[in-house]
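Please put together the full structure from these sequences, using the hints given.
Residue numbers (the numbering used here), protein chains in the order written: chain A, 1 to 630; chain B, 1 to 194.
Hints are computed from structural coordinates only; laboratory data are not their basis.
By construction, the Cβ of each residue, glycine as well, lies at the ideal position given by its N, Cα and C atoms.
There could be a bad hint or two in this list.
Said to hold, decoys possible - Rough simulated footprint, nothing fancy, chain B against chain A, three-plus residues with beta-carbon under 8 Å:
#1 39-47
#2 168-180
#3 262-270
#4 345-356
#5 368-376
Stated by the list, open to error - Calculated pairs, DSBU-like style, for lysine-lysine (alpha carbon to alpha carbon, straight line, at most 35 Å):
#6 A:K14 / A:K271
#7 B:K193 / A:K190
#8 A:K572 / B:K170
#9 A:K4 / B:K193
#10 A:K14 / B:K107
#11 B:K193 / A:K572
#12 B:K120 / A:K14
#13 B:K174 / A:K55
#14 A:K55 / B:K107
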Amino acid sequence: MNLKELVTGVSGDKQFLLGNEAAVRGVIEAGVSIAATYPGTPSSEIGNVLSVLAKDANIYFEFSTNEKVAMEVAATAAASGLRSFTFMKHVGMNVAADSFMTTAYSGVNGGMVILSADDPSLFSSQNEQDTRNYARLANVPILEPSNCQEVKDMVKYAFDLSEQFNIPVIVRTTTRVSHMRGVVEFGDVKDNSSNNNDHWKRGHFKKDPSKYVPVPAFAGDMHVRLWDKIHKIEDLTNKSEYNRKIEVSSDKKYGLIASSSAYNYAYDVVKFNDLDVDILKLGFSYPFPQDKVAEFLEDLDEVFIVEEVDPIIEKDTLATIGAKKLNVTVHGKMDGTFPLYHEFNSDVVAEGLNKILNFAEDKSIKFSSSLEKLQEDIPSRAPVLCAGCPHRAMYYGINKAIEELGLKTSDVIFASDIGCYTLGINPPYNCADYLLSMGSSVGDGCGFSVSTDQKVASFIGDSTFFHSGISPLINAVHNKHNFVLTVLDNRITAMTGGQPNPGIPIDGMGDEAPEVSIRKIAVACGCDYVRVINPFNLDQVVKTYVEAFQRDDAAVIVSKAPCTLIKGLTKKPPVNFVEGNCNNCDKCVSELACPAISKINGKITIDKSQCDGCNVCIQVCKYGALEAGR
Amino acid sequence: MDNYYSIYICGVGGQGIIKTSTIIGEAAMNQGLDVVMSEIHGMSQRGGSVSTELKIGGYNSSIIPNQGANMLLAFEPIETIRGLDKVNSQTKIVYNTHPIIPSSTDKPYPSVDSITNVLKENFNYVLPINGTALAIEAGSVLALNMVLLGAVTADDNFPLSKDSVIEAMKNNLKPKFHEMNLKAIESGYNSIKG
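Shown next, in the form of structure tokens:
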């Protein structure tokens, strides 16, 4: 499919879309004017697609420096009467939370929708937090699509809902919904064309401090108004077609309540095992549709609650049973029927249901002992830094500098951060000992340096530095902390798929933009030692780290070289191996660990399809066995 | 259960696995069949193991239950072994015999012949093909995914026609590669049919 069809497609068209692409079509159909994000998997492709389509779709789109800024861009757009959209991964909600919480109080004029993508089973995240808690914490409605069609439809519906009640609305996906592909039928597009010179429509902000400035005198009333909205919306969730019953049971003994991707597994298990279980699908799950749930439970003896990750619907169901004085046994996470963590699948759901319903027969097959042994013996294939990655050169160099200072890698605390460079955790680099969140490496450097006598080195990427590395650097200077901060400036936001950031002269819609200098920021923060190095020049790397580690202040090294995956870079020819010079020290394999170099049948082998001529291995080899390709 | 068909596709990041799966999914949609697919993006793509799951028919869930695949399509020999949870005695196991040796190996790479022998000892339909060689013959190693796409369409139970798969390929890949890709699809198809 050509992505442009997300804009040009008309009602009734069908496309095979990724959940994240379906979200973009929903945004286009809803006539959104402003969209902002900070990239984070599993929501990243929404931004990648919007950055290509924004102008065609009359949308202003930006990659904001972090999720809180994106939330504020969306909130003010909505306050100005425009439809606005912000989206992020689940942990991005933590960054945005401070402003998000108050957006619920102040409300909106134009529709405002927040898509938050949860990551059960942590495919690319540091935790499994459940966004549905934020809906309850802030007291805003939440929709939980189960498939790509619903992603599109619910995103669009969320804007109508938001505008009807002047309240921001959350759409919660999971990895398996965002990264599911399915058939999506398009609907009508609401016109958002511009009357001015910009490609997007502009709104107008009508001042009303009692509504928008939460000083104590006003914020109390705002909270009252918020509850009033939520009570009204509860009438809606009780009637919503997104909360629907699928009745298959004849004797009304068992029921099942499910949402999001967990609903898919539950539905399939019931269907393909012919189980006598009624299903209530909750797609619009907060405010909790207590009346509808009570009506569903009324005739049942036992109910299963199938949800990922936290037992949220389960607790609301138990509260409903208490409030309505029903007599129904609940089987969910809290009684151990289903796991309290990690994503579900049909097998997990079937195992849980089977504890009560006893329907499953064991279909597993016994493998021969030689196959069982083969399964144990196959080598692992974990993600690695790419051949030609500048991070590898930097990690190799810092290890050499530590050695030159007479220290061991184990003597230094490495505070890492969120990005490809977290892969520095792996041997032989062993350069990640502590990590909390985006930007945490700098604050962690502050804490470790004041609470231990150990050397401390912090690593942060360029985009992550702009995201939340700057204020802790000011802290480091002002409070006289002592550590070496490396900004791994690879000229892109790499791990999430190569989005621009303020360090490069291009913005989210592909237009020219001012390039913000990391070196100048570090200097302006008050750092006395700021060096920009080329990580592919190992002598310079080692010399600079030796110098920086001997200081007693916050020293900043900007390790600057482009990510090898950036399109259009000129690459040097692959390295040649000169067998006669090799003395089998194996340092190129054991200390550099580039995926393009391996030892096969006792001989160093260069995979020329992978090697992109970064030539770092040539500097590692002291015997001249590796030479520049020609 | 006519037209219900699940394929588990696995290999190494960069082999064109997501594109192959998307083409099959689009072909299923064009034939009016229900289809869902699951893919993984992000950290696992950095040279790690990659898999997609594709389910044709009236499924809600895009994840194939254990022992639930009609076909296991592996782009790399040891990735076949990693995908065996999805396999039952009737599953067609099609895999490319050309290994991609992982860097910094914790264990030695087993011989591909031993993999084939052990698989044949356990399963009824073990179909190794040298997809990489066929791809090079068709014009480029990058056509490996099209060779394997052709191999899928050769299964008698596969509910999509070769023509509709070819149509979806053309809709998803650049015209200048169509001729090579067609050749690759045919050679994959013939290597299973023949």
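Hints breached by this structure
Hints 7, 9, 10, 11, 12 and 14 are the ones this structure does not satisfy, whereas the remaining hints hold.
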